[in-house]
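With the sequences and hints as input, model every part of the structure.
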Amino acid sequence: MKSYNDKNIIAVKFIVWLFILSSVMLFAGITSAYIVNRIGLLNANKWIYIQLPNVFICSNILLIISSITIYYANYLFNEYKYLYSKTLLIITFFIGIFFLILQLNGLKYLINNNIYLSGNVAGSYIYNIYYTWSTCYIWSFRYLLLLFFYTTK
Amino acid sequence: MKIIFACLTYFFSNFLFSQELGQYIDENNQNSIIEYIFYNRYIILILVISILLYRIITTSINIFKLNMILINQPLKKIDWQYYTGYFMILFLLSGIFLSLYQFKFYGLDLWYSSATLHGQYYDFLFLIVTLLVLIVFFITHILLFYFIHKYKKNHNRKASYITHSNKLEIYWTSITSLILLLTVIYGNVIWNKIVINNPNKKDNNSIIIELTGEQFKWTARYAGYDGVLGNRSFRNIHDKNILGIDFNDKYALDDIVTNEIVLPVNKSIKMLISSKDVIHSAYIPEFRLQMNAVPGMYTSFTFTPIITTNEMRLKKNDENFDYILFCNKICGASHFNMWIRVTVLTENNYNNWIDRQTTFYQTINSI
Amino acid sequence: MDRQTDNILSNNKFNMKILKYIFSRDHKIIAKQFLITAMFMGFIGLFISVLFRLQLAYPNRPFYIFKLFFNKFANDGYLDPSFYLSLVTIHGTIMIFFVLTGGLSGTFSNLLIPLQIGARDMASPFLNMLSYWLFLLSSLTMLYSFFVITGPASAGWTIYPPLSALPKAINGSGTGQTVWLISMSIFIISSLIGNINYITTIMNMRTQGLTMYRLPIIIWALLLTAILGLLSFPVLMAAVILLILDRGFGTSFYLSDIFLAGEYLHYDGGSPILFQHLFWFLGHPEVYIVILPALGISSEILSINCRKPLFGYHTMIYSLIAIAGLSFFVWAHHMFISGINPLIGSVFTITTLIIAVPSAIKVFNYIATIWRGNIKFTTPMLFTIGLISFFITGGLTGIYLGNAILDINLNDTYFVVAHFHIVMGSAAIFGMFAGIYHWYPKLFQKMMNEKLGHIHFWITYISIYLIFFPMHFMGINGMPRRYYDFNAFGMFNIFINMNKFITIISIISGFAQLIFLYNFTYSMFKGKDSSKNPWKANTLEWTTPIEHIHGNWENDLPVVYRWPYEYSNPKYQDDYMPQNISDKH
Numbered sequence: 001m002k003s004y005n006d007k008n009i010i011a012v013k014f015i016v017w018l019f020i021l022s023s024v025m026l027f028a029g030i031t032s033a034y035i036v037n038r039i040g041l042l043n044a045n046k047w048i049y050i051q052l053p054n055v056f057i058c059s060n061i062l063l064i065i066s067s068i069t070i071y072y073a074n075y076l077f078n079e080y081k082y083l084y085s086k087t088l089l090i091i092t093f094f095i096g097i098f099f100l101i102l103q104l105n106g107l108k109y110l111i112n113n114n115i116y117l118s119g120n121v122a123g124s125y126i127y128n129i130y131y132t133w134s135t136c137y138i139w140s141f142r143y144l145l146l147l148f149f150y151t152t153k
Numbered sequence: 001m002k003i004i005f006a007c008l009t010y011f012f013s014n015f016l017f018s019q020e021l022g023q024y025i026d027e028n029n030q031n032s033i034i035e036y037i038f039y040n041r042y043i044i045l046i047l048v049i050s051i052l053l054y055r056i057i058t059t060s061i062n063i064f065k066l067n068m069i070l071i072n073q074p075l076k077k078i079d080w081q082y083y084t085g086y087f088m089i090l091f092l093l094s095g096i097f098l099s100l101y102q103f104k105f106y107g108l109d110l111w112y113s114s115a116t117l118h119g120q121y122y123d124f125l126f127l128i129v130t131l132l133v134l135i136v137f138f139i140t141h142i143l144l145f146y147f148i149h150k151y152k153k154n155h156n157r158k159a160s161y162i163t164h165s166n167k168l169e170i171y172w173t174s175i176t177s178l179i180l181l182l183t184v185i186y187g188n189v190i191w192n193k194i195v196i197n198n199p200n201k202k203d204n205n206s207i208i209i210e211l212t213g214e215q216f217k218w219t220a221r222y223a224g225y226d227g228v229l230g231n232r233s234f235r236n237i238h239d240k241n242i243l244g245i246d247f248n249d250k251y252a253l254d255d256i257v258t259n260e261i262v263l264p265v266n267k268s269i270k271m272l273i274s275s276k277d278v279i280h281s282a283y284i285p286e287f288r289l290q291m292n293a294v295p296g297m298y299t300s301f302t303f304t305p306i307i308t309t310n311e312m313r314l315k316k317n318d319e320n321f322d323y324i325l326f327c328n329k330i331c332g333a334s335h336f337n338m339w340i341r342v343t344v345l346t347e348n349n350y351n352n353w354i355d356r357q358t359t360f361y362q363t364i365n366s367i
Numbered sequence: 001m002d003r004q005t006d007n008i009l010s011n012n013k014f015n016m017k018i019l020k021y022i023f024s025r026d027h028k029i030i031a032k033q034f035l036i037t038a039m040f041m042g043f044i045g046l047f048i049s050v051l052f053r054l055q056l057a058y059p060n061r062p063f064y065i066f067k068l069f070f071n072k073f074a075n076d077g078y079l080d081p082s083f084y085l086s087l088v089t090i091h092g093t094i095m096i097f098f099v100l101t102g103g104l105s106g107t108f109s110n111l112l113i114p115l116q117i118g119a120r121d122m123a124s125p126f127l128n129m130l131s132y133w134l135f136l137l138s139s140l141t142m143l144y145s146f147f148v149i150t151g152p153a154s155a156g157w158t159i160y161p162p163l164s165a166l167p168k169a170i171n172g173s174g175t176g177q178t179v180w181l182i183s184m185s186i187f188i189i190s191s192l193i194g195n196i197n198y199i200t201t202i203m204n205m206r207t208q209g210l211t212m213y214r215l216p217i218i219i220w221a222l223l224l225t226a227i228l229g230l231l232s233f234p235v236l237m238a239a240v241i242l243l244i245l246d247r248g249f250g251t252s253f254y255l256s257d258i259f260l261a262g263e264y265l266h267y268d269g270g271s272p273i274l275f276q277h278l279f280w281f282l283g284h285p286e287v288y289i290v291i292l293p294a295l296g297i298s299s300e301i302l303s304i305n306c307r308k309p310l311f312g313y314h315t316m317i318y319s320l321i322a323i324a325g326l327s328f329f330v331w332a333h334h335m336f337i338s339g340i341n342p343l344i345g346s347v348f349t350i351t352t353l354i355i356a357v358p359s360a361i362k363v364f365n366y367i368a369t370i371w372r373g374n375i376k377f378t379t380p381m382l383f384t385i386g387l388i389s390f391f392i393t394g395g396l397t398g399i400y401l402g403n404a405i406l407d408i409n410l411n412d413t414y415f416v417v418a419h420f421h422i423v424m425g426s427a428a429i430f431g432m433f434a435g436i437y438h439w440y441p442k443l444f445q446k447m448m449n450e451k452l453g454h455i456h457f458w459i460t461y462i463s464i465y466l467i468f469f470p471m472h473f474m475g476i477n478g479m480p481r482r483y484y485d486f487n488a489f490g491m492f493n494i495f496i497n498m499n500k501f502i503t504i505i506s507i508i509s510g511f512a513q514l515i516f517l518y519n520f521t522y523s524m525f526k527g528k529d530s531s532k533n534p535w536k537a538n539t540l541e542w543t544t545p546i547e548h549i550h551g552n553w554e555n556d557l558p559v560v561y562r563w564p565y566e567y568s569n570p571k572y573q574d575d576y577m578p579q580n581i582s583d584k585h
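As you go down the protein sequences, you meet chains A, B and C in turn.
When we follow the working numbering, the leftmost residue of the first sequence carries the number 1, and every step to the right adds one.
When we follow the working numbering, the leftmost residue of the second sequence carries the number 1, and every step to the right adds one.
When we follow the working numbering, the leftmost residue of the third sequence carries the number 1, and every step to the right adds one.
Honestly, the hints are just simulated from the structure, not real lab data.
Being a predicted model, the structure only gives us computed values, none of them experimental.
Beta carbons: idealized from backbone N, C-alpha and C, even for Gly.
As a list, the in silico DSS-like pairs of lysine-lysine whose alpha-carbon atoms are at most 30 angstroms apart:
id: 1; chain 1: B; residue 1: K76; chain 2: C; residue 2: K451
id: 2; chain 1: C; residue 1: K571; chain 2: B; residue 2: K152
id: 3; chain 1: B; residue 1: K167; chain 2: C; residue 2: K571
id: 4; chain 1: B; residue 1: K65; chain 2: C; residue 2: K528
id: 5; chain 1: C; residue 1: K442; chain 2: B; residue 2: K158
id: 6; chain 1: B; residue 1: K77; chain 2: C; residue 2: K376
id: 7; chain 1: C; residue 1: K168; chain 2: B; residue 2: K240
id: 8; chain 1: C; residue 1: K376; chain 2: C; residue 2: K571
id: 9; chain 1: C; residue 1: K526; chain 2: B; residue 2: K76
id: 10; chain 1: C; residue 1: K442; chain 2: B; residue 2: K153
id: 11; chain 1: C; residue 1: K376; chain 2: B; residue 2: K167
id: 12; chain 1: B; residue 1: K77; chain 2: C; residue 2: K446
id: 13; chain 1: C; residue 1: K528; chain 2: B; residue 2: K77
id: 14; chain 1: A; residue 1: K13; chain 2: C; residue 2: K32
id: 15; chain 1: C; residue 1: K528; chain 2: B; residue 2: K153
id: 16; chain 1: B; residue 1: K76; chain 2: C; residue 2: K536
id: 17; chain 1: B; residue 1: K153; chain 2: C; residue 2: K571
id: 18; chain 1: B; residue 1: K152; chain 2: C; residue 2: K442
id: 19; chain 1: B; residue 1: K76; chain 2: C; residue 2: K446
id: 20; chain 1: B; residue 1: K153; chain 2: C; residue 2: K451
id: 21; chain 1: B; residue 1: K153; chain 2: C; residue 2: K376
id: 22; chain 1: B; residue 1: K217; chain 2: C; residue 2: K168
id: 23; chain 1: B; residue 1: K158; chain 2: C; residue 2: K536
id: 24; chain 1: B; residue 1: K153; chain 2: C; residue 2: K446
A few chain B residues that don't get close to chain C, going by computed Cβ distances all over 10 angstroms:
id: 25; residue: I256
id: 26; residue: T304
id: 27; residue: N317
id: 28; residue: L345
Selected chain B positions facing chain C (in silico; Cβ < 10 angstroms):
id: 29; residue: F87
id: 30; residue: L143
id: 31; residue: F147
id: 32; residue: A159
id: 33; residue: T173
id: 34; residue: T183
id: 35; residue: V189
id: 36; residue: H238
So, in structure tokens, the structure goes:
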């Protein structure tokens, strides 16, 4: 049975990559719909250029920072420095919460400027992509928490 | 036995599925078990008969077997393997016969009645592809069933150990690709001619007709004397202005809106097709014309009819024949009843017909 | 039936024995569960098709059976036209997604992949079990859509908007369509989880000595099916999400300029053609997902029953890869006359041509396998012969439809119906039957009755040709599909008798499937006991003990020494040499 478990870990990593691949295809579908729709409507002069608020750039940077911290946490875990690793995980978690707050700010800004889900197609795409993405995001929170609890064990 | 069963099924299915024509189930009617049995008498009859038949057949087979054992004659075991090989050949021969028979019986009635200029190219390509496909169909099936029959199980013979042959693979790949390439290249050439580089489009004498589909009818609009269709917008649709024509546009004042399509023969016609609600599709089989009607955009198809309705009636020996434009995309409950008649007249008759029409503007404002 | 080992189930919360059995994570039980669910859905789909064929054959006649089943939708025994369209829709959806995708790739992937690559179980047994229960949930949801007030989804299995997005356009586009979309979302998730599991297992858990070029073709086929599913189902998810937003949240992804039921709707800026592109991006790989396992099964059964190695093993693998890869570039051949730019039409004609070549190569390789073999006419072999015959016919009629110009007159007519029923509804189903008959000893430790199998084959094979071959002629003569009846037009009167004939044959063929059902259930209990390797095959699944064990092999995993098609090699005494027996013994 031991060999089964070892093989299992390699397999589980592979599984995670495949989940990522299928999410990529999901967003590829939505993105291609966005591109096609935008080109068609530009020709008919019905497209609105929406300037995304700067908040979203800040939150993107935060996203990159949190990836770095999680990668570093993994590295430290392999080096057996458990305490540092746990601290980094907590930091990542808080970065994530901060990210969420910034995102909500950005959404509030969009709504104040009358860009809703229904109405113009351009607006709909923003919300659509955001909604799909946020589902992935909330799930990643769950895994972060799980990771944390496993490391404490 | 199977034939009898098939006949029984056919015979009884008619009755089973329509117990009493016109008399429908009303649960209150079945007050007693006797009425229930009477009402469902045919179903019960079929069940009883099939059970009886089954018992009769199996019992008689058992009797036959027991009899053979009694008189000490060993039963010859039927070698189904051997017979299956022969069934395969029988199937092959009957298959070839039936498929060719269907060609003759159902004719390819539509083939001989293509009524547009591009339809002739279409028919030619169809004929070539059909010949190629039939040749491949018969050759592969004959090979398949013949090999199956010839190499059936034989205890004395061992199968040959042949794993691959690169030469053979290259041969049949290249032949297949060549044949397919020829059909596709010719198809693309015609496709370009009809849909992309239609020579008729270049000359501005195409008569423009706009066809609008909605649930569940088609409406045609002609450009009138000025030759240009007026503007329209969906937001203008109300009351009698079913197409939403904008009468502020001067080109719209002489547009003619009809419930049937009339076309002059030997003139190129460009049809602009659109829809008011869901996706429909304009399909005239004899014209080799089909184009989806999509709400929110115009699709177009340019063609030239070459046979008038009267000439076609003579050709088909059918006084009541008419070209019909069907809706060919699922569009709702009455999808099967959404059609418009297409009449092709000689040029003089067409001009007379146009002269007799009242413009849409007049029709709306008259009542 | 299963001997449960303790360490597998030590973390199972439920201590009741029956629950251990139902929520089992053993891949063989999950394969059985997939099979039973798919057969159940298949019979429902078959029954629906017989019912609406009745309507087509006898259009002006009331039928008691309609009133019996569809009380509200069939007043006085006449089927409602919009309910007829619902029946057509649900028949298509059930047959394509639940029976052919879930049933074919679900059953055979779960059964064969761990056994044939020498693994103890799938990479993640928990995900495997989840994939099955989500599949069951989505099947039940789809069936539930029949009990909705306005009726099930009725916009065709392709659910093009605006018809499927506007409840006022047709009855079934209200709640029924929503239930359909929910059911399909769950099905997509189930299918994705399953596919991920299959790919991982094949890539990571092969036993020692089993290189990729020693895998049986069925495993290659299932691998490619899983990859196709992984890459294309999310795009359907995207299309479904956009459709759900359009239906319920007022967005305009697919809708624009619509005037329906006397009022002008607010949608602006969308395009229905966008849905068609997204849908057929899944739709075309989907049909390859349906046919690839069937082709793989037929390769196995052919070489086992002809006692001859599969001709051109490497070529078969490459053509499978070519079909799978190219299938992503041909989707718009379903959309030639839908208003797309004609230049795109010519591009897709060429790519469709290219994808026809590997399929032809596979057929020629099958015929070459049969040549000079020593054929045993077992029931799986008969079904495989039927599959090859159907694949040839269906593939050849595909040449007409793949050509943009010939498609003008044939699109959405009965020609298309005949084409896809022969190539998908017959070749793939025959693959499923062949697989069930062949691996029944593995699943249930008994053999199925050969005589009943032969009768089932002949009746089904002949009746499918009798049903679908005449439809080609109906299509060439211009008969449109999804029509409730053809009485309005004189030009289809010559086909009235043909319609009746087709319906009668379909009823007979429907009863023949009952023979199969009887054979299946009877043999489970009273069939002849099977030996360890009843078909004298080479692959690894026949080296496991007859009674199921968790972990498949008792002691060590087998080691593989050669490719799986070593039949009738003059070097060896027997006419087969299993993969796990080394040369020097």
